[in-house]
Structure formats: structure tokens, C-alpha cells
Amino acid sequence: MLKSRTSAVLNILVENYIDSATPIASEDIVRRSPWKVSAATIRNEMAELEEEGYIVRPHISAGGIPSDKGYRFFVESLEESPEPPEALRHEISYRFSDAPRDQEAWVQLAAGVLSRMSGNMAIVTLPRANFSRLKQVQLVYLQEFLALLVVVLEQARVRQQLLPLEEPLTQDELSEVSNKLNEGLSGLTYREINDRQLELSPLEEMVVDEVASTLKGADAEEALEHSVDGLRLLLAQPEFGEARKVRDVVDVLEGRVLLKSILSDVPSQGSVEVIIGAENREEPLRPFSMVLSQYGIPEEASGAIGVVGPTRMGYGTAIGGVKYLSGYLSRLLMRIHGKS
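Counting with numbering that gives the first Met the number 0, you get residues 0 to 339 for the letters of the sequence shown.
Everything labelled a hint here was simulated from the structure, so no lab data went into it. Do not take every clue at face value.
Claimed, not checked - Lysine to aspartate or glutamate pairs mimicking EDC-like chemistry, simulated, CA-CA at most 20 Å apart:
hint, residue 1, residue 2
1, Lys-179, Glu-198
2, Lys-68, Glu-14
3, Lys-68, Glu-278
4, Lys-338, Glu-298
5, Lys-134, Glu-153
6, Lys-134, Asp-18
7, Lys-68, Glu-281
8, Lys-68, Glu-82
9, Lys-134, Glu-299
10, Lys-68, Asp-18
11, Lys-68, Glu-299
12, Lys-259, Glu-198
13, Lys-215, Glu-281
14, Lys-215, Glu-153
15, Lys-215, Glu-272
16, Lys-2, Glu-78
17, Lys-2, Glu-49
18, Lys-2, Glu-47
19, Lys-134, Glu-175
20, Lys-259, Glu-224
21, Lys-68, Asp-97
Keep in mind the model is a prediction, meaning the values are calculated, not measured.
Assemble the whole structure, with the sequences as input and the hints as a guide.
Dropping the structure here:
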């Protein structure tokens with residue numbers, strides 16, 4: 000737990016590094032701090048932050064740079080994310096009212112507005128009509144310690160995978176598990192499966208986890224239509240100034256690693272998820288941070304909206320923009336579909 004002044008020093012350092020992209024010296028913090036303290040005192044605070052892993056220094060005499068842990072502390076310290084300025088909110092309303100009643104046009108417009116607000120790349124997926132639903136689970140005996148898990152989705156889509164077993168089971172025992180799960184889970188989405196409270200054996204819990212993961216993956220496969228704006232803004236950041244790093248960014252986009260990660264990590268509607276650097280599960284995404292939300296009509300149609308940038312991102316502005324536009328797009332969809 001950081002002391003109050005140490006926390007404030009960290010937040011000042013993060014804010015200034017986001018603005019300047021250069022290591023922040025103790026003298027810089029003294030000039031911007033509300034306390035009458037010496038640079039030596041601030042250096043002691045910075046030494047503590049470095050020891051705790053909140054900042055790093057390129058070399059011993061350099062200023063401090065936030066680590067992913069430091070950025071996470073900063074994000075958790077944000078009390079309120081600002082809405083876009085009133086003039087921009089009016090512009091958003093005007094541009095959407097003037098746009099065709101076409102979801103693709105809305106998605107392109109939202110990505111452009113969000114990119115301009117955040118100064119980074121924005122990505123918005125088209126809303127999907129519904130979530131994949133489970134039709135049937137089948138467990139097929141292969142060997143004493145190995146079964147085939149067959150997940151049948153509605154609309155006749157089938158997914159199969161090998162399932163290692165911790166104890167030998169017969170086909171009759173596997174069929175008993177299948178029947179129990181079909182009775183409790185048939186017709187549900189992955190979110191509904193995760194919310195369902197059932198008394199399960201360890202094997203049944205493992206199968207349920209795999210089924211939910213399969214349904215979630217099927218949703219991600221179907222939600223690949225999207226609009227991206229602001230790639231130039233992203234590539235203009237000093238973090239990506241080298242030609243090799245530009246190629247890395249383009250490879251991430253062309254390989255769809257980014258989109259699949261966004262669809263996997265997007266939170267429930269009404270909340271905003273911030274994923275910072277090494278918190279990304281996929282290695283190619285670790286130079287980036289993402290601010291994500293979901294928009295749409297609950298239980299009927301949903302899409303993802305987010306900002307992608309370097310870890311040195313203006314998090315408050317990005318969170319505020321994502322939150323505002325996800326709410327705006329949700330209200331727009333509900334109005335068009337007669338839900339409000």
C-alpha cells in the first residue's frame with residue numbers, strides 16, 4: 000500500500016509522462032506538485048516507487064517512466080472519466096442524425112469520432128444479432144483416459160475437441176454426464192452458462208468450462224466485421240517510430256490477433272475494461288493498452304467498441320470517450336428497434 004504522497008507522486012509522474020513521452024525527473028514533479036518539498040525528497044519517493052515496481056529508469060541518473068504496474072495504479076486512481084466536451088457531443092449528435100440508417104455507416108462514424116477524441120486507434124465491431132446457444136453436448140469414449148467433447152450449437156454448427164480424463168470412464172458414465180449437462184444447459188449462451196448455479200462434479204465442471212469457452216469462441220468468430228480508424232495516429236506515437244515496430248503493428252492488425260482479443264476481453268454492457276501492456280494474454284499485444292466496452296440491446300444484439308494505443312495512453316480521455324460512445328450507440332440501436 001503506497002503512502003498518500005508517494006501515490007500522488009506516481010500519479011503526477013504518469014500524467015506528465017503521458018504528455019511528454021520523456022522520462023520524468025524529480026525536479027519536474029517538484030514544479031507540478033502542491034507541496035513545498037525538495038527534489039531530494041521527491042527522489043526518495045521515486046526510489047521507493049522504483050523498488051516497488053511502479054516505475055523504471057533507463058539508467059541510474061535518468062528520470063522515471065511508469066511500468067505497467069504504475070499505469071494500472073494510475074487507472075485505478077481515476078475518480079471520474081470526463082465526457083467529451085459539449086461542442087463535440089453536439090457534433091456527434093448532428094453527424095449521427097445526418098448519417099444513413101445503416102449500421103456500417105454508424106460503426107465507421109463511431110470509430111472516426113473515437114479515434115479523434117482519444118488521439119489513438121479506435122475499433123468498433125458491427126452489432127451481432129444474438130449470442131451462440133448450446134443445443135447439445137456429447138462425450139464420446141476414445142480411451143480410458145481420453146474422450147471426445149462434441150459441442151453442437153444451434154443452427155447445426157459443431158465444435159469438437161479432445162478431453163483428457165483424470166480417471167478411466169466408460170461410455171455409459173460419459174453419457175450420464177452428457178445427459179445431465181444437456182438437461183441443465185441446453186439453449187443457453189456462454190454468459191447464461193457461467194451464471195447458472197449447478198451442483199457439479201469436477202469432471203462436469205471441466206466440461207462446462209470447455210463448453211462455455213467454445214460458445215464464446217464461436218461468438219468471436221462471427222463478430223469479425225468491424226471498422227478501424229486512426230492507424231496513422233497510432234503509428235505517429237514515438238513508441239512506434241522505428242520501421243520494425245511499424246511492421247509489428249501492421250502484423251498484429253492483419254493477423255486479426257487484435258480483433259479476436261478484443262472480442263474475447265470485451266466486458267458486459269455498461270462497464271469499461273482497461274487492459275494494460277503485459278496484461279494482454281497475446282504476446283504481440285503487450286506493447287499496447289486497450290480500453291474496451293460493449294454496446295447494443297441487452298440479450299439481443301451487441302458489438303464491441305474500444306481504443307488501442309501505447310501503454311502511454313491518455314486513459315481518462317479514452318475511458319470517457321468509450322463510455323460515452325458505447326452508451327450513445329446503445330441508445331441509437333434501441334431507438335431504431337423500438338426499444339425506448
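Cross-check of the supplied hints:
1. Lys-179 to Glu-198: This hinted pair holds, its Cα atoms lying about 11 Å apart.
2. Lys-68 to Glu-14: 14 Å, holds
3. Lys-68 to Glu-278: 10 Å, holds
4. Lys-338 to Glu-298: 12 Å, holds
5. Lys-134 to Glu-153: 5 Å, holds
6. Lys-134 to Asp-18: 52 Å, violated
7. Lys-68 to Glu-281: 18 Å, holds
8. Lys-68 to Glu-82: 26 Å, violated
9. Lys-134 to Glu-299: Holds - the C-alpha atoms of Glu-299 and Lys-134 are around 18 Å apart, at most 20 Å.
10. Lys-68 to Asp-18: 18 Å, holds
11. Lys-68 to Glu-299: 37 Å, violated
12. Lys-259 to Glu-198: At roughly 32 Å apart (the allowed maximum being 20 Å), Glu-198 and Lys-259 break the hint.
13. Lys-215 to Glu-281: 17 Å, holds
14. Lys-215 to Glu-153: Given pair Lys-215, Glu-153 holds - Cα atoms ~14 Å apart, limit 20 Å.
15. Lys-215 to Glu-272: The hint holds at about 17 Å.
16. Lys-2 to Glu-78: 18 Å, holds
17. Lys-2 to Glu-49: 14 Å, holds
18. Lys-2 to Glu-47: OK: Lys-2 and Glu-47 at ~10 Å, within 20 Å.
19. Lys-134 to Glu-175: At roughly 17 Å apart (the allowed maximum being 20 Å), Glu-175 and Lys-134 satisfy the hint.
20. Lys-259 to Glu-224: 11 Å, holds
21. Lys-68 to Asp-97: The given pair, whose Cα atoms are some 43 Å apart, is violated under the 20 Å limit.
Checked against the numbered hints listed earlier, the structure breaks hints 6, 8, 11, 12, 21; every other hint is satisfied.
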